[in-house]
Amino acid sequence: MSSTQSAVRSHAEAVQVSRTIDYLGLFILFFVILGGFHVHAMLTMGDWDFWSDWKDRRLWVTVTPIMLVTFPAAVQAIVWEHFRIGFGATLCCIALVLGEWINRYFNFWGWTYFPINIVFPAILTPGAILLDGVLILTNSYLATAVFGATAFALVFYPCNWVIIAGLHMPVEYHGILMSIADISGYHYVRTGTPEYIRMIEKGTLRTFGKDVAPVSAFFSAFVCILIYFIWHFIGRWYGTTKFLQQT
Amino acid sequence: MAATSASVSAAGEAPLLNQRNLWCFGIAYYCVYYLIVRWYEGVYGWSAGLDAFAPEFNTYWMPILKIEVPLEFATASFIASYLWKTRTRDFSTVSNREILRRHFHHFVWLVAYANAVYWGASYFTEQDGTWHQTIVRDTDFTPSHIIEFYMTYPIYICTGIGCFMYSYTRLPYFAKGVSLPYLLVVVGPFMIFPNVGLNEWGHTFWWMEELFVAPLHYGFVFFGWFSLGILGLFAQIFDDLTGLIGKDVCPDV
Chain C
1 MSSTQSAVRS HAEAVQVSRT IDYLGLFILF FVILGGFHVH AMLTMGDWDF WSDWKDRRLW
61 VTVTPIMLVT FPAAVQAIVW EHFRIGFGAT LCCIALVLGE WINRYFNFWG WTYFPINIVF
121 PAILTPGAIL LDGVLILTNS YLATAVFGAT AFALVFYPCN WVIIAGLHMP VEYHGILMSI
181 ADISGYHYVR TGTPEYIRMI EKGTLRTFGK DVAPVSAFFS AFVCILIYFI WHFIGRWYGT
241 TKFLQQT
Chain G
1 MAATSASVSA AGEAPLLNQR NLWCFGIAYY CVYYLIVRWY EGVYGWSAGL DAFAPEFNTY
61 WMPILKIEVP LEFATASFIA SYLWKTRTRD FSTVSNREIL RRHFHHFVWL VAYANAVYWG
121 ASYFTEQDGT WHQTIVRDTD FTPSHIIEFY MTYPIYICTG IGCFMYSYTR LPYFAKGVSL
181 PYLLVVVGPF MIFPNVGLNE WGHTFWWMEE LFVAPLHYGF VFFGWFSLGI LGLFAQIFDD
241 LTGLIGKDVC PDV
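Protein chains in written order, with the numbering used here: chain C, 1 to 247; chain G, 1 to 253.
By construction, these hints were calculated from the structure, which means they are not laboratory data. A hint or two may mislead.
In the DSSO-like style, the derived pairs of lysine-lysine whose C-alpha atoms are separated by at most 30 Å in a straight line are [as the list claims (entries may be wrong)]:
| no. | chain 1 | residue 1 | chain 2 | residue 2 |
| --- | --- | --- | --- | --- |
| 1 | G | Lys-176 | G | Lys-85 |
| 2 | G | Lys-66 | C | Lys-242 |
| 3 | G | Lys-176 | C | Lys-242 |
Derived DEER-like restraints, expressed as beta-carbon distance ranges [to be verified]:
| no. | chain 1 | residue 1 | chain 2 | residue 2 | range |
| --- | --- | --- | --- | --- | --- |
| 4 | C | Phe-106 | G | Leu-198 | 42 to 50 Å |
| 5 | C | Thr-138 | G | Glu-68 | 45 to 53 Å |
| 6 | G | Phe-238 | C | Ser-10 | 14 to 22 Å |
| 7 | C | Lys-210 | G | Gly-197 | 46 to 54 Å |
| 8 | C | Leu-137 | G | Ser-81 | 50 to 58 Å |
| 9 | C | His-82 | G | Ala-28 | 25 to 33 Å |
| 10 | G | Val-136 | C | Phe-106 | 20 to 28 Å |
| 11 | G | Thr-242 | C | Gly-86 | 14 to 22 Å |
| 12 | G | Met-62 | C | Thr-138 | 52 to 60 Å |
The C-beta atom is built at its ideal place from N, Cα and C for all residues, glycine as well.
Work the whole structure out from these sequences, hints included.
Right, here's the structure in full:
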C-alpha cells in the first residue's frame, strides 16, 4: 500500500473510525486526568475537602479554588487550542468530583464508617462551567484568567452554601460555642483530630464576623488569576509534541 | 464501535478495534481484580490489619507484600522484553491499514493505563487517607499501603511501560524517537513509586501528624502533575492519525 494512501476505505469508515477514536480518547483523557488531578487535590487541599469540620469560612474558601484552578487551566490550554474542545475545565472538575464521591462513599463510609454528611466533597462544577464559558465566549486566555478564574473562586462558597449552611449553625455544647460540624467532628474522633492540626478560622479576620467568607473569596479570586496564568504555561509545557531524539 | 469492527470483519480480516481486548483487558480485568482486592481489604483490614505485630497480620497481609513485589518486577520485565523482542524492524513493509489497526491496539493499552491510573492514583490513594485517619499506623506496611503503594502503583507502572513499549516498537510515528510527552506521562507516575521511599522515611524519621496536605507528600503532587503529558501525547497521536486517514476518502481531514 502506498504511504500516501488512506488507511480507511470509505468516507463512512473514516467517520466511524474517527468517532471510535473520540470515545476512546475521551475515556483515556478523563481517567488519566482524574488520577493526576485527584492526587494533586487530595494532597494540597484534601483535609479541607475530606471533613465537614474543616470546611470553614476562611481557609477552605481560600485554599480550595487556588489549588483547583490549576489542572483546568492546564487542560484548557491544550484541548481548546489543539482540539477546539470547550469543556476542558468542566471535564477536570467532573472527573475529580466523581473520583472523590466514589471514594467518600465506598471508602470513607464503606470501609471506615464515617457518615456521608461528614465526608462529602465540595461542589466544583459551577465554577468550572463559568471558566469554560468565559473561554468559549471570549476565545481569550487573558479574559479567562481575569474573569473566569475570578468567577471560579467567587462562586465556590455560594455554590457550596446550600450543603454547608446547616453544618455551620451555632450551638452551645457543654458551655462552649461550636458549630454542628465541630460537634460531628469531635464525635467521630480521627488520628488527625487534635485541634492544633485542624487548620480552620485561623488569624484575627474572624473577629470581623460576617465578612470572613467574602474577603477570603476575593483574596482567593486574586490568587486564582495568577495561578491560572502559571498553570496555563505549565499546560503548554506538558502539551509539547517534541521528541527527544530524531533518528 | 461495533460498526467499526463489523465493517472490516466482512472483508475477512482482523477488525481494526478488537472489542474483546478493549472490554476484557482494558476495562474488566482491572475492575474485577480491584473489586476483589477491595473486598479483601474490607474483610481482613479490620479483622487482621489493625496491629502489625499480631500473628494474624503476618498471616493475612505480609504474604501479599512478599508475593506482589517480585511478581510486579517480573511482569514489567516480561512485558518490556516481549514487546522489544517482537518489535517491527522494517516499517516499510507495514501497510497504513495495519498501522491504523495498531493505533487501535495502542488505544486499548491506553484505556488499560487510564483504568489502572484511576484505581491507583484516585481510588486507593484517597482511601489511604481515611484508613490512616481511623487506625493508628504502627508500620510502614499498613494494609492500605500494601495495596496502594506496592500493588496499585506498580500495576499502573507495568501498564504504562506496556503502552510506551508498544508504541515505540509498533508505531512508526513513535519509533522515530522518544516522545517527550509520552515519557512524561509514564515516567512521572512511575516516579511516584520511588517517592514512596521518601514518604516512608519521613514518616519514620519525624513524628508526623496524620495530615494529608503535609509538605512531606508534595513529591507525590509534583509527579502527579506529569499525568498532564497525556495532552501532548494526544496531540502526537492525532497528528499521526490525520495523516493515516487520507484526504482521498475524507476531505475533511
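Status of each hint after checking the structure:
| no. | hint | verdict |
| --- | --- | --- |
| 1 | Lys-176(G) <-> Lys-85(G) | 18 Å, holds |
| 2 | Lys-66(G) <-> Lys-242(C) | 40 Å, violated |
| 3 | Lys-176(G) <-> Lys-242(C) | 11 Å, holds |
| 4 | Phe-106(C) <-> Leu-198(G): 42 to 50 Å | 29 Å, violated |
| 5 | Thr-138(C) <-> Glu-68(G): 45 to 53 Å | 51 Å, holds |
| 6 | Phe-238(G) <-> Ser-10(C): 14 to 22 Å | 21 Å, holds |
| 7 | Lys-210(C) <-> Gly-197(G): 46 to 54 Å | 48 Å, holds |
| 8 | Leu-137(C) <-> Ser-81(G): 50 to 58 Å | 52 Å, holds |
| 9 | His-82(C) <-> Ala-28(G): 25 to 33 Å | 31 Å, holds |
| 10 | Val-136(G) <-> Phe-106(C): 20 to 28 Å | 23 Å, holds |
| 11 | Thr-242(G) <-> Gly-86(C): 14 to 22 Å | 21 Å, holds |
| 12 | Met-62(G) <-> Thr-138(C): 52 to 60 Å | 58 Å, holds |
In summary, the numbered hints that this structure violates are 2 and 4.
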